[in-house]
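Number of protein chains: 2
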Amino acid sequence: MSWEDNVRKVVPYTPGEQPKSSGVIKLNTNENPYPPSPLVAKAIKEYDASLLRKYPDTGASELVEEMASAYGVKSENIFVGIGSDDVLALAFLTFFNSESPVIFPDITYSFYDVWAELYRIPYETKALDEEFRLKKEDYLCDNGGVVIANPNAPTGVELSLDVIEEILAYNRDRVVIVDEAYVDFGARSALPLIDKYDNLLVVQTFSKSRALAGIRIGMAFGQKKLIDYLKDVKFSFNSYTLNPLTIAVGAAALRDDAYFKDITAKTVATRERMKKELKELGFSFADSRTNFVFATHERLTAEEIFTFLREKNIFVRHFKKPRSIDNYLRISVGTDEEIDRLITALKELIR
Amino acid sequence: MSWEDNVRKVVPYTPGEQPKSSGVIKLNTNENPYPPSPLVAKAIKEYDASLLRKYPDTGASELVEEMASAYGVKSENIFVGIGSDDVLALAFLTFFNSESPVIFPDITYSFYDVWAELYRIPYETKALDEEFRLKKEDYLCDNGGVVIANPNAPTGVELSLDVIEEILAYNRDRVVIVDEAYVDFGARSALPLIDKYDNLLVVQTFSKSRALAGIRIGMAFGQKKLIDYLKDVKFSFNSYTLNPLTIAVGAAALRDDAYFKDITAKTVATRERMKKELKELGFSFADSRTNFVFATHERLTAEEIFTFLREKNIFVRHFKKPRSIDNYLRISVGTDEEIDRLITALKELIR
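Protein chains in written order, with the numbering used here: chain A, 1 to 351; chain B, 1 to 351.
One or more of the hints may lead you astray.
Given that identical chains are not distinguished, each listed pair holds provided it fits within a single copy or across any two copies.
[Unchecked claim] Computed list of lysine-lysine pairs in DSSO-like fashion (alpha-carbon distance at most 27 Å, straight line):
id, residue 1, residue 2
1, K266, K312
2, K45, K20
3, K42, K347
4, K347, K231
5, K320, K54
6, K312, K126
7, K312, K224
8, K321, K231
9, K261, K126
10, K42, K54
Everything labelled a hint here was simulated from the structure, so no lab data went into it.
Based on the provided sequences and hints, a complete structural model is requested.
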């Protein structure tokens, strides 16, 4: 017998590579190619470091109030955490405490099954169809909770709000999490449905559209009762998580709505151009509503393309996962210049 | 049936009050009365906000390397998290996966039983003696793991390293966590024992002696194998937690060892004077090796004193807990001036 017998053993997630050298075109982690709002830099520069001797405001009020006003909800409808990963993991822990399995698609954000295993939550995956679309009948069944990424990752496919509402209506007695990490790039948010469905938790993040992957802010929206349960679990675990610098940065970013709309519009425009060029080069992909395109080539394997681009210092993401997705590449939408260089490189390989 | 039936219900921790008005003397949350090192302010002012668009370095290398050099260990012996609460909670989740109960004192840091309940870890508390000392025989038994805060909170009592080593030696086949949140204020750290005992995890924090309660940095030291298990669980949960601003702040604080020693020495000197004055006023307390004194009065109840001080805008901590501790106050060591004002107020009440 050894202490190792009692260790909870898990398979850690392998994040996309973060190369330290400059000169790399990083299209592998869905980061925003633009810097955060200039108001963020200002908030940091003006921050009074002496405040750090005290514990943070556990309610992160400055941030939550700014969020309430930006999203048109009340503060009591908001839960904030350290990136949406923290929010989602806490939501799994809080709401999925049943014997019936939690259900989610077989191709989706790769953390869902890991959290379920970590917390010993039974789960079951439901196969997407050949075009990576979710079959709604799969979600109208007995279950312990539902998790849907919308748009889905890494496919980029959007599910209509009508279908989401049907799933919500069927599952009134369990919590349905809609993970909207990428929603700002052109999909419709389920946020307005929280008034109608007390079992709906909508999760979003500052990592993509707010250009703040580094700061680690995620949030959940829901009715007060749902949010209060999340807070109870969070406060039993670690009362102080978001530090005051993080809170100041997040609030500053929210105050600059014009900048947010501007960089988001730029990313959407670049994505649409990128789709056109990729199509001409023989790629196919579902219609992405995100800041990435999940593409496969008619002739070359994903592995070949990945390796070629890598040599050119262009990093994209290749998931070595079951089913057909191992022949796909997830390519983040960069700046126009970065995408030009991607397309030039691909032309060299393909033609 | 409702979704609420499946909610994991917990009792959230109530943190010490954070009054928003100034003019309050805050001796209720064991914050450092001095600001963090001037190098911290400099690091924040000079931080390049554009870096925040990218995900953080998951390994927090800048911070971990600075820590390795400050504490004389290797980087592979260090795990960092969002305050020691995060580190401790992850350690509970990772290492206490047994049917036998985890054991810790009945009077100790109030999060231990909450984490155990949250993660469905069986636990058992062992009564301290009348002088708040731990009885070592209680820890030489079959168990699923041991947690010892040293010095203990909220009592301030130090346990000798010899006893800790005996407990470590007896429990070779389970993990022993030594939580050293307050160790820098004059107690002996178990850190040197990690070379000898692969079942020892030593946890510390930046919240007290580093004057950075706000920034949320905690760390664990242990042999590589132990640390790797913690990392696996952390990376399965949320790969990116410490943001780069936090990492820069933590590394800057570690670079200013002279400042750290200076403010720590000041706090220790103030504490010793405070003990003398409190004793003269009829208080008794165990010999504190922390930045607080856990005191009871020969005549007045803790409640009376608490209420009186509160009216004078002096906040101290009163735990309404079982056993004798509800007649104790935990009073943080402030600046000399703050403690002068505390003593003046107490004289007014007591004489």
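Status of the hints after comparison with the structure:
Within a single copy, K266 and K312 get their C-alpha atoms as close as 25 Å, which meets the 27 Å cut-off; across copies the closest is 57 Å, which misses it. With identical chains, the CA atoms of K45 and K20 are at most 27 Å apart both within one copy (25 Å) and between copies (23 Å). Within a single copy, K42 and K347 get their C-alpha atoms no closer than 42 Å, and across copies no closer than 47 Å, so neither meets the 27 Å cut-off. Proximity of K347 and K231 under a CA criterion of 27 Å is satisfied in neither setting, with 51 Å inside one chain copy and 41 Å between copies.
With identical chains, the CA atoms of K320 and K54 are at most 27 Å apart between copies only, with a shortest distance of 23 Å across copies and 45 Å within one. In the homo-oligomer, the alpha carbons of K312 and K126 never lie at most 27 Å apart, since the shortest distance is 38 Å inside one protomer and 62 Å across protomers. Proximity of K312 to K224 under the C-alpha cut-off of 27 Å is found in neither arrangement, the shortest distances being 50 Å within a copy and 36 Å between copies. Taking identical chains as interchangeable, the C-alpha atoms of K321 and K231 lie at most 27 Å apart only when they sit on different chains, with a minimum of 23 Å there against 35 Å within one chain.
Taking identical chains as interchangeable, the C-alpha atoms of K261 and K126 are never at most 27 Å apart, the minima being 35 Å within one chain and 58 Å between chains. Taking the shortest Cα distances, K42 and K54 sit within 27 Å of each other both inside one copy (22 Å) and across copies (18 Å).
Consistency note: the structure conflicts with the earlier hints numbered 3, 4, 6, 7, 9.
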